[in-house]
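Which chain is which? The protein sequence lines are A and B, in order.
If you count the first sequence from 1, position 13 lands on 13 in our numbering, and the numbers rise without skipping.
If you count the second sequence from 1, position 86 lands on 86 in our numbering, and the numbers rise without skipping.
Hints may contain errors.
Unchecked claim - Partial list, derived from the structure: chain B residues whose beta carbon lies under 7 Å from chain A:
#1 Leu80
#2 Ala178
#3 Phe198
#4 Asn221
#5 Met231
#6 Ala303
Stated by the list, open to error - Stretches of chain A that chain B covers, calculated by requiring three or more beta carbons in the stretch to come under 8 Å of a beta carbon on chain B:
#7 45–55
#8 84–95
#9 99–107
Stated by the list, open to error - Not the full set, but computed from the structure, chain B residues with beta-carbon under 7 Å of chain A:
#10 Pro22
#11 Asp24
#12 Tyr81
#13 Arg93
#14 Val97
#15 Ser203
#16 Leu224
#17 Gln226
#18 Pro276
To be clear, the hints were calculated from the coordinates, so they are not data collected in a lab.
Every value quoted in this text rests on a predicted model; they were computed, and no experiment measured them.
Each residue gets a CB set at the ideal place from its N, CA and C atoms; glycine is no exception.
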Amino acid sequence: MNIQIKKFYYGDIPEENTGGTGNTEKSSGELSWPLWEVFIRSKQGLDHKHAGSLRAADAQMAVENARDVYTRRQEGVSIWVVESKHVHASNPDDAEMFYEPASDKIYRHPTFYDLPDELKHM
Amino acid sequence: MSVIDLEKAFQDKIDAEIKIEPKDWMPEAYRKTNLRQISQHAHSEIVGMLPEGNWISRAPSLKRKAILIAKVQDEAGHGLYLYSAAETLGTSRDQMVEDLNSGKAKYSSIFNYPTLTWADMGAVGWLVDGAAILNQVMLCRTSYGPYARAMVRICKEESFHQRQGFESLLVLSKGTQAQRDMCQDAINRWWWPSLMMFGPKDSESTNSDQSIKWKIKRKTNDELRQQFVDMIVEQVKLLGMTLPDPNLKWNEERKHYDFGEINWEEFWNVVKGNGPCNKQRLAARNKAHDEGAWVRAAALAYAEKRKNRLKTKAA
């Protein structure tokens, strides 16, 4: 599909001949810091939850940057960082094959069972 | 599936308010528009630190200085959230920074205006951040998941920016005659550029409303601008100040305020790089980036050294 969006919306200034930057080559030849995923536990007793990502040279710097970027207002009590290249994900194209088998097994849900109203504490 | 089927499935998802995530199929134009918009937004946060950074060392009190530092730090954070969201579309932060520094990428024109007095800090917070917030609140519901999540985070923090700005002007508005004059002068200078932030009039654009159809945007420039005018006209009364537009008038029929014509020639001039501070802003960004090169290289070298030391120990 080759639609060029040139309409000038607030927050989106059209550029000549381009829809942004698709290319990841760096012309200066400078090496990039790796990308890290950040997970934050907002308080004791809760899971670490994905908060976002950032660039850092190593794990220690990633934790420190995550502190500065994602917990400026006491959003967390614990931080995990994982280099993004180590995250393996399921493929959205396989979603049907992957998750569909669960949808016809309604007997896995408590509401599947019809029980008398007199039955208490269940 | 053929491309036409994929496009239909994609549009059906958008229509059903299902968010698009990075690994999902998306039309190339959707990817590019998001990439351009998110990276421009990120650049705006980064360049937006400059006009305010100008006043950190000159803030009138320790309290105002601390507030200003916190605000500028937030903006660095917002830039990072947005660069991360843009990276999910297949570019790198380094590439985006390079595009900003070379002048290839755009950022919001408002930051090409100078901050001449302390009252400008208040006016920027109240008017500029106020205008940005209307856009950002709308974008919390944008169709691209990572962008929407970044916006939710940003909106939570942005409200402090606008409130501190208004409060700072409120203090000036109750001060000496000189302080009140400074307050009014800042409002006079920032009012029109703030209205320009919303972009050209809807009637100026002849192209399709693809961004609205894809729910990247949910309101047009004029809708957002009107919302802003209606809001600010009421707020300025609390300051006992005026807005520099003789045509501002309540329109009973429309149930909105009418307002005067924006100077579009000035608008296009600033977009094209001829605003008061375009060159200065880019020069400042390039200087900071170039002078930081050795820090980035040293951090990588140190990380490498530590990795090797660990390897040697293990062996």
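Taking 7 Å as the limit, does the beta-carbon of Leu80/B come near enough to a beta-carbon in chain A?
holds, 5 Å
Does the interface hint hold: is Met231/B within less than 7 Å of chain A, judged Cβ to Cβ?
Hint on Met231/B: violated, closest Cβ of chain A at ~15 Å, above 7 Å.
Restraint check, 7 Å cut-off on beta carbons, for Ala178/B near chain A:
violated, 35 Å
At a threshold of 7 Å, is the proposed contact between Arg93/B and chain A supported by beta-carbon distances?
OK, holds: Arg93/B within 7 Å of chain A, min 6 Å.
Interface hint compliance - Ser203/B to chain A, C-beta minimum distance less than 7 Å:
Status violated, d = 12 Å.
Measuring from the C-beta of Leu224/B to each C-beta in chain A, is the shortest one below 7 Å?
holds, 6 Å
Holds or violated: is there a CB of chain A closer than 7 Å to the CB of Pro276/B?
Violated, because the Cβ-Cβ distance from Pro276/B to chain A comes to roughly 18 Å (cut-off 7 Å).
Outcome, coverage hint (the region 45–55 of chain A, chain B; C-beta under 8 Å; three residues):
It holds: at least three residues are needed, and the region 45–55 of chain A offers 4 whose Cβ sits within less than 8 Å of chain B.
Hint check, Gln226/B versus chain A [nearest Cβ-Cβ separation less than 7 Å]:
Violated. Min distance 12 Å.
A closest beta-carbon separation below 7 Å is what the hint needs, so does Phe198/B meet it against chain A?
With a minimum Cβ separation of about 5 Å from chain A (threshold 7 Å), the hint on Phe198/B holds.
Does Ala303/B pass the interface hint, meaning its C-beta sits closer than 7 Å to a C-beta of chain A?
With a closest approach of 4 Å, the Ala303/B hint holds.
With a cut-off of 7 Å, does the beta carbon of Asn221/B approach a beta carbon of chain A closely enough for the hint to hold?
For Asn221/B, the interface hint holds, since the closest Cβ of chain A sits about 5 Å away, which is under 7 Å.
Checked against the numbered hints above, the structure violates hints 2, 5, 9, 10, 14, 15, 17, 18; every other hint is satisfied.
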